[in-house]
Amino acid sequence: MMDWRKSSATIPLKKTVLSESLTNHEIMSVICGISCRLSFHEWKNGTAVISECNGTVTLNVTGGNIMGRIKSTKSSKTFYSFQGIPYAAAPVGDLRFKSPQAVESWDGVRSTLEIGNSCLQPYLSKVSGSEDCLFLNVYTPQVLTNTSSNASLAVMVF
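For the sequence shown, the UniProt record's numbering gives the first residue as 1, with consecutive numbering after it.
Rather than coming from a laboratory, the hints here were simulated on the basis of the structure. Worth double-checking, as some hints may not be accurate.
To be verified - Computed beta-carbon distance windows for the label pairs:
(1) Ser75 <-> Ala102: 37 to 45 Å
(2) Pro141 <-> Lys98: 35 to 43 Å
(3) Ser81 <-> Gly129: 19 to 27 Å
Claimed, not checked - Below, a list of computed lysine to aspartate or glutamate pairs in the EDC-like style, where the Cα atoms sit at most 16 Å apart:
(4) Lys98 <-> Asp132
(5) Lys98 <-> Glu131
(6) Lys71 <-> Glu131
In this text, a Cβ means the ideal position worked out from N, Cα and C, and glycines have one as well.
I would like the entire structure built from these sequences, with the hints used as guidance.
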């Protein structure tokens, strides 16, 4: 079977669409991007939408929808990574030195692909970090989908 990523064949398109031709790799990238976008619209009640094309997973959580990554361990075991999930409103301005407040809901999909801000830390001669640092990083071997069981998982906090 021929690997489409290594193919140098091109497919000419009508000049009204594009004035140049695309490689098979570029065409597959476009098709994959379209199918990934379409899979998001198949949202089911409170379950995950897993996109194999771009290695992401989208979940519905209390504040809205979040997008994380599908990753693999060195031993090729799949896990899901959600980094920088807000768990409370930023304690800045009028909220400074007050009890934590619920995070406001958001529209659309919030990216949880990167670790959130770290809290203020004193270093030798300067302070680094942010007051807006109330984030969770979640790593899980499974997410709830329409076909998965609702099994409980162990939780480690550190």
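Evaluation of the provided hints:
1. Evaluation of the 37 to 45 Å hint for Ser75 and Ala102 yields a pass: the beta carbon distance comes to about 39 Å.
2. Between Pro141 and Lys98 the C-beta distance comes to about 37 Å, which sits within the given range of 35 to 43 Å.
3. Restraint check, Ser81 to Gly129: a C-beta distance of roughly 22 Å satisfies the suggested window 19 to 27 Å.
4. For the hint linking Lys98 to Asp132, the alpha-carbon distance of about 14 Å falls within 16 Å, and the restraint holds.
5. Using a Cα cut-off of 16 Å, the hinted pair Lys98 and Glu131 holds, with the two alpha carbons roughly 13 Å apart.
6. The suggested pairing of Lys71 with Glu131 is violated, with an alpha-carbon distance near 30 Å, which exceeds 16 Å.
Against the hints set out earlier in the document, a violation occurs for number 6 only.
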